[in-house]
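Chains as they are written, first to last, in numbering that gives the first Met the number 0: chain B, 0 to 337; chain E, 0 to 404; chain H, 0 to 404.
Read the hints as simulated data drawn from the structure, not as lab findings. Be aware that a few hints might be false.
Said to hold, decoys possible - Computed cross-link-like contacts, DSS-like style, restricted to lysine-lysine with a CA-CA straight-line distance of at most 25 Å:
#1 B:LYS289 x B:LYS322
#2 B:LYS310 x B:LYS188
#3 B:LYS106 x H:LYS51
#4 E:LYS235 x B:LYS108
#5 B:LYS21 x E:LYS256
#6 E:LYS292 x B:LYS21
#7 H:LYS51 x B:LYS108
#8 B:LYS322 x B:LYS189
#9 B:LYS106 x H:LYS49
In this text the structure is predicted, and so the values were computed from the model without any measurement.
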Amino acid sequence: MTTMTQAPPQTVQDLPQVRGVKQIPVFEGFTSGHRTCQGCESALVMRLMIKAAGPRTIVVGSTGCMYVANTTYYSTPWVVPWMHTQLGSSGSAATGTAAGLASLMRKGKMQEEPINVIAFCGDGGGVDMGLSAISAALQHDEYNLLILCYDNESYANTDIQVSGSSPWGANSTFSPPGKVHRIMNHRWKKNTAPMLAAGHPDVRYIATACGSYGPDFTNKIRRALTIGGPTFIHSIDPCPKGWDYDPKYSHELGMLAVETGIWVQYEIVDGELILNGPSRAIARGIRPRKPVTEYLQRQGRFAHLTEEDLKFFQEKIDESWEKWWIPGIVPFGPQEEG
Amino acid sequence: MSTVAVEVVYRGIFQKTLARNIVRTIVFAARKEGKIGTAFGRYGDSPERNGIPAKQFAIVSDSPEELEENLAVYEAREVDVTINVDDTMCKGIESWAWYGLQPINALTKPGGTLIVTSRQTADALIEDIHQKDSAYNLAIVPASTSFSGLWVYKDDHTDVRILGALARVCPELVRLDSMLAALEDQGWGGLKLTSARNTHDRLATRPVEPGEGSEDEPFSFDLPGWKSMEEGLVIKGVEGGTGFRGGSLGEGYDPIKSNASGDTSYEPTRNAVFKKFSTRSMRPVINFDTCIKCTLCWLQCPDTCFDVTPDGLYDANMEACCGCAVCEAVCPVADCITMVNESEFNDNNSQWEHWTKDKDSYHKWMSELIQVQKEKDATRSHGYHSPGTYEAESEAEVALTGDDD
Amino acid sequence: MATQTLYETEREELISGSEAIAIACAMADVDVITAYPIRPYDTVMQYVSKLKADGAFDCDFIVAESEHSQFEIVKHASAVGARTFCGSSGVGWFYAFEAITVTAGLRLPVVAMVGNRALDDPGAFGVEHNDAMAVRDLGWMLYWVGTAQEALDTALLAWRVAEDPRVFLPAAISCDGSFLTHSQAIVNVPTQEQVDRFLPQYDRGRLLLHPDNPITVAPQVNEDWLMEIRRQTDDAMRRTSDVIREAYEEFKQVFGRGDDSPFIEEYMTDDADIVLVGMGTLAMPVRVAVRRMREQGKKVGFLRVKFFRPFATEEIQEALSHCKAVGVIDRDYSYGSPSYGGVLFNEVRSALYDLDDRPLVQSFVAGLGGREVLVRDVEEMTQMVQDSIDSGKVKQVNTWIGVRE
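Given the sequences, and given the hints that come with them, work out the whole structure.
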C-alpha cells in the first residue's frame with residue numbers, strides 16, 4: 000500500500016521585494032470605476048495589494064465596502080479574477096480556492112502553475128464574524144493563501160456600526176454619544192494579529208500594515224505570497240466616511256495612527272518579530288510617540304470626547320507601550336521572579 | 000386635489016443631514032396646512048459614499064389616498080422642484096453603475112423649478128446644465144456649498160435658506176408662514192428664521208427656455224434581458240492595461256517588475272460603464288514643471304486615476320478622478336498640485352497633453368485657475384476639520400450671505 | 000492507481016447508504032471534500048477519510064471548523080473547477096444555510112448528502128425531513144433516496160446532472176438517518192470503467208474562475224437586475240427535468256438497472272382506488288402494507304417521490320389522476336401550514352388542483368424524530384382514506400399517526 004500524503008507545498012511565484020516607491024510596478028489589477036468614497040484608503044489597499052501580487056492571482060472578497068461599493072453589477076473594477084464570498088467566509092473562501100487549485104493541478108486536471116490566492120475581509124468579516132474560519136485556514140499549511148483584513152474600524156458599509164475592531168469611545172450608528180451615555184462603545188480594539196500569531200505558531204507570516212506606507216505594504220503582500228503556507232495581514236485603513244475627516248487626509252491619518260503608537264507596524268516571520276518603520280523607531284526610543292490627540296482630534300468620530308476621555312485614551316496607549324511584555328503587541332508576560 | 004414632489008440632490012454623507020433636514024421640514028410644514036406627506040432617501044444610494052451623488056425626496060398630497068399613489072417607490076417619477084445643494088452637480092450626476100451621467104434636471108417637471116446653492120451666475124450654471132425639451136425655472140440661493148462630515152453638522156443655515164426659497168418658488172407646496180412655523184417647532188428660532196425669510200424675499204428666479212443649456216447627450220442605456228445576461232452572476236473583468244493612450248507595453252514589459260522609474264508608460268484600462276467623475280467637486284491641477292516624479296500622487300490615489308506618461312510624469316485622468324485631493328495632500332512640492340473648484344472646467348481633457356503641446360498656454364491657464372481658486376472659493380473643502388471649526392465657518396458664511404439684517 | 004484495483008470488477012458489498020456514497024465519491028474522483036461532525040450524515044465522511052487514508056482515492060479532504068465553512072470551502076473549490084462533495088444533518092445543515100443559499104445563487108454544482116435528522120431543540124438523532132426540505136425554494140435539486148443502492152446510483156447521477164452546463168445547480172441527496180446512514184445492505188458496486196463512461200469531467204467553461212479567464216463573479220445588484228437573475232436560475236431548474244431524464248436513460252444503459260422514471264416510483268398504482276404517497280425509507284413498511292392489503296382485496300398502491308426538486312408535477316398528476324383518494328405521509332411538519340398538513344402533502348395537493356377530476360387528498364404526519372412507521376400504521380391511514388371515500392369527503396384533513404394522546 001502506497002502512502003499518499005497531501006500535496007507538498009506548491010511552488011510560488013517570483014515576486015521580488017521592492018526598494019522604494021519607484022520599484023512598485025505600474026501594473027493595475029484593480030482599476031478605476033468603483034463606487035467607494037472619496038479618499039477611500041481601503042480602495043487604495045485593494046489596489047496596492049494586486050499591484051504587488053500581479054495578474055496570476057485569484058481574489059475572493061467577503062461582504063463589506065470592498066464588495067458592495069467596488070463591484071456594482073454589470074460592471075467591475077477588477078482586472079484579475081474576482082469572486083464574492085460571504086461576510087464570515089474569507090478563511091473558507093481562501094481555503095476552498097486554494098484546495099480546488101491544488102487538487103486539480105495535482106491530478107493533472109489543470110495546468111500546473113503557482114497562482115496567488117488572496118481572500119480579503121473587513122474588520123466585521125475578519126475580526127468579528129470570520130475569525131473562526133480564518134483560524135481554521137491558518138492551520139492548513141498545505142495551501143498557499145493570504146488573508147488580508149482591511150480594518151476601517153467599523154461596519155462602514157452597512158452605515159458605520161461599531162465592530163470588535165472599533166476604538167474605545169468612537170461614535171458610530173450603534174454607539175452614538177447621547178444625553179445620558181457619552182461613551183457607548185466601551186470595548187477596546189481587539190488585538191487580532193498577535194492573537195492569530197500566538198494561536199497558530201506554524202504560520203510563517205503574519206503582519207500588520209498600512210496603505211500609507213506603499214513600499215512596505217507591497218513588500219508585505221509579496222512576502223506573504225511567497226513564503227509558503229497560509230498567511231495573514233491586518234491593515235489599518237483610515238475611513239473618511241466613518242471616521243469623519245476630509246478625504247484628503249486619509250494618507251496622513253494612516254501615518255498618525257502609527258506615529259501615535261495606536262497602531263503598531265510589524266511582521267512575524269517564522270516566529271521572529273520585526274517592527275517596521277516608525278514603530279521600530281518608537282520601540283527603540285529613537286522617536287517619541289506623538290500624543291494621541293493629534294490623531295483623535297482630527298476625526299469627527301471622536302469629537303464628543305472630553306479632556307478626561309482623551310487622557311484615558313492616552314493612558315491606555317502608554318500602558319500598552321510601557322507595561323506590556325512586548326510593547327504594543329503582547330499584553331501578558333511571565334510571572335515575575337521572587 | 001394635488002400632489003407636489005420635491006427632490007434634494009446632494010453629495011453622499013457630506014450633505015446627508017442637510018438633505019434630511021430639508022425633506023423632513025417640508026413634510027412638517029405641509030402638515031401645518033392640513034396636508035400629508037412622506038420623506039425618504041433613494042434606497043439605492045444607501046449605503047451612501049462620501050461625495051457620490053444621492054437623492055432624498057419629499058412628497059406632499061392633499062389626502063392620504065392621493066399620497067398612496069406615490070408610495071412604495073424608489074423615487075418620484077417627476078418633481079415640481081429639484082434642489083441641488085452643490086452646484087458642481089449641475090454637470091450631471093452618476094449614482095449607480097450602468098446608468099451613466101444623468102442630467103441634474105432629469106426629473107424636473109415642465110414649468111418646475113431647479114434651486115441651486117451657488118456663487119455662480121445663472122448663465123454660468125445653465126452652461127453646465129443639460130438642456131430640456133420644456134421650459135423650467137432656475138433659482139439660485141447665493142451660498143458656498145455646505146459640506147460637513149457625518150457626525151458633526153455644519154449649521155450654516157443652508158437648510159433653512161433652501162426652505163425659504165422653496166416656499167417662494169412653490170407656494171402650492173407650502174406657504175412661508177407654515178414653513179417658518181415648522182422651523183420653530185424643530186427648535187430653530189432667531190437667526191435661522193431670519194435667514195429663511197430673507198432668502199424667500201430676495202430670491203431671484205430666471206426662466207430657462209426649451210433647448211437652453213448644455214447640448215451634451217446624457218448617457219443612455221438598455222437593460223439587457225435575462226437571456227442575454229451571462230449565467231452564474233458572471234461578468235467579464237476589465238482588460239489589462241496598455242501603454243500610454245492605448246500604446247503597446249513593449250516587449251520587455253513584466254507586470255511584476257516593470258515600474259514607473261524606468262521608461263514604462265502605462266494607462267490602466269478603466270471601467271467602461273461607471274466613471275465616478277460626477278463625484279468630483281474639485282479637481283487637481285498639476286504643474287508638470289515643478290513635478291519631481293516622486294510617484295506619490297500616482298501611488299496613493301485610491302481611484303487609479305493617474306496615467307503614467309512616456310516622460311515619467313503622472314497625468315490625472317479626469318474620467319476617473321473623483322476629487323478626493325489625496326494627491327494634493329501627499330505631494331511634497333509646494334503648489335505642484337492644486338485642487339480647483341470643478342465649476343471652473345468645461346471638459347475632461349488631459350492636462351499633460353495640453354502642457355506637452357503648448358507649455359506657455361498651459362501655464363497661463365493653470366495660473367489663472369489657481370488664482371481664481373485662491374480668491375473665489377478659498378474656503379471650499381470637504382467634510383470634517385476639527386471640533387469647533389464649523390461654528391467659526393458658519394458664522395462667516397451667514398455674515399457673507401447678508402442674511403443677518 | 001489504487002482506485003482501479005478497488006473497482007476493476009463489478010461486485011457486491013454489504014454497506015450502508017453512507018458508505019455507498021463514499022464509494023461513489025471515490026469512483027467519481029471528487030477533488031475536494033469537506034467534513035464536519037454531526038450525526039448521522041458524518042458516517043459518509045468517516046468512510047471517505049478511510050478511503051483516502053488507504054489510498055483508494057486522491058482528494059483534498061478538509062475537516063472544516065463549522066458547517067458554514069464546510070459549505071463555503073466546496074463552493075469556492077467548485078468555482079475554480081473542482082468536483083466537490085460535502086454534507087450535513089439537522090441543525091448542522093441550518094448552520095451552513097447562508098453558504099447553502101449562495102451556492103445555488105452562484106450556480107455552482109456542489110453535491111451534498113443530507114443525513115436527515117430532527118431539528119433541535121431538543122437534541123434528537125432520528126430522521127425527519129425538515130432539514131433538507133428547507134432548501135426547497137433556493138435552487139437546489141433535492142432527492143430522497145430509498146435504499147443504499149439508490150444512494151450510490153443517485154450520487155453518480157447528481158454530479159452528472161449538476162455539472163451539466165445546461166444546469167449548473169447544486170444537488171442534495173437526502174438519506175434517512177439510521178435507516179440508510181447506519182444500516183447496511185447488499186449493494187452492487189459498478190466498475191470504474193462504467194462510472195467513467197457515464198460521468199464526464201466537470202468543465203466550468205466560460206464561468207471558470209482562473210487567471211486565464213478573468214471574470215468577476217457576483218457583483219452587488221439592485222432592483223434593476225435581480226429579477227432577471229432569479230429568472231435565469233428558474234429557467235435552469237426548469238431545464239433539469241430533461242437533463243435528468245436524459246442522464247437516467249444513459250445510466251440505465253451503462254449500469255443495467257433503474258426504474259421507469261427517475262422522478263417517481265410507482266408501486267401497484269395501476270388500478271388503485273387509494274394511493275399512498277411518501278418519500279425515503281417510509282417506502283419499506285408502506286410497500287409491505289400495500290401487499291398485505293392487496294391480498295385482502297383492497298385496491299391500494301404507493302407512489303414514492305424521489306425528486307422533490309424538481310417536483311415532477313406532470314408525472315405525479317398522471318399517476319394520481321385515476322384513483323379516488325390520495326393519502327400523503329409526511330415525515331415532516333409545517334406548523335400553521337394550509338390545513339396543518341405536511342410539506343409534501345401541500346405540494347401534492349397543489350399539483351392535483353388542475354386535474355379535471357381531482358381525487359380526495361388527505362394528510363398524515365408520521366415517524367417524526369425517527370419513530371418507526373409500522374405496517375399497522377399504514378393500514379390505519381389507508382382505512383381513514385377509505386372512510387373519506389365512503390363519506391365522499393375528507394372530514395379531517397390532517398392526522399398525526401402514532402402519537403400518544
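Proposed proximity, H:LYS51 with B:LYS106 (alpha carbon, max 25 Å): holds (14 Å)
Hint consistency between B:LYS322 and B:LYS189 [alpha-carbon to alpha-carbon, up to 25 Å]: It holds: about 18 Å lies between the C-alpha atoms, which stays within 25 Å.
Holds or violated: B:LYS289 to B:LYS322, with C-alpha atoms at most 25 Å apart: holds (18 Å)
E:LYS292 paired with B:LYS21 [C-alpha distance capped at 25 Å]: holds (9 Å)
Pairwise hint evaluation, B:LYS108 against E:LYS235, where the allowed Cα distance is 25 Å at most: holds (24 Å)
B:LYS21 paired with E:LYS256 [C-alpha distance capped at 25 Å]: Holds: B:LYS21 and E:LYS256 sit about 11 Å apart, inside 25 Å.
Agreement of B:LYS106 and H:LYS49 with the hint, judged by alpha carbon distance not exceeding 25 Å: Status holds; Cα separation ~20 Å.
25 Å Cα cutoff - pair H:LYS51, B:LYS108: holds (19 Å)
Pair hint B:LYS310 and B:LYS188, alpha-carbon separation not exceeding 25 Å: holds (17 Å)
The structure fails none of the hints (numbered hints given earlier).
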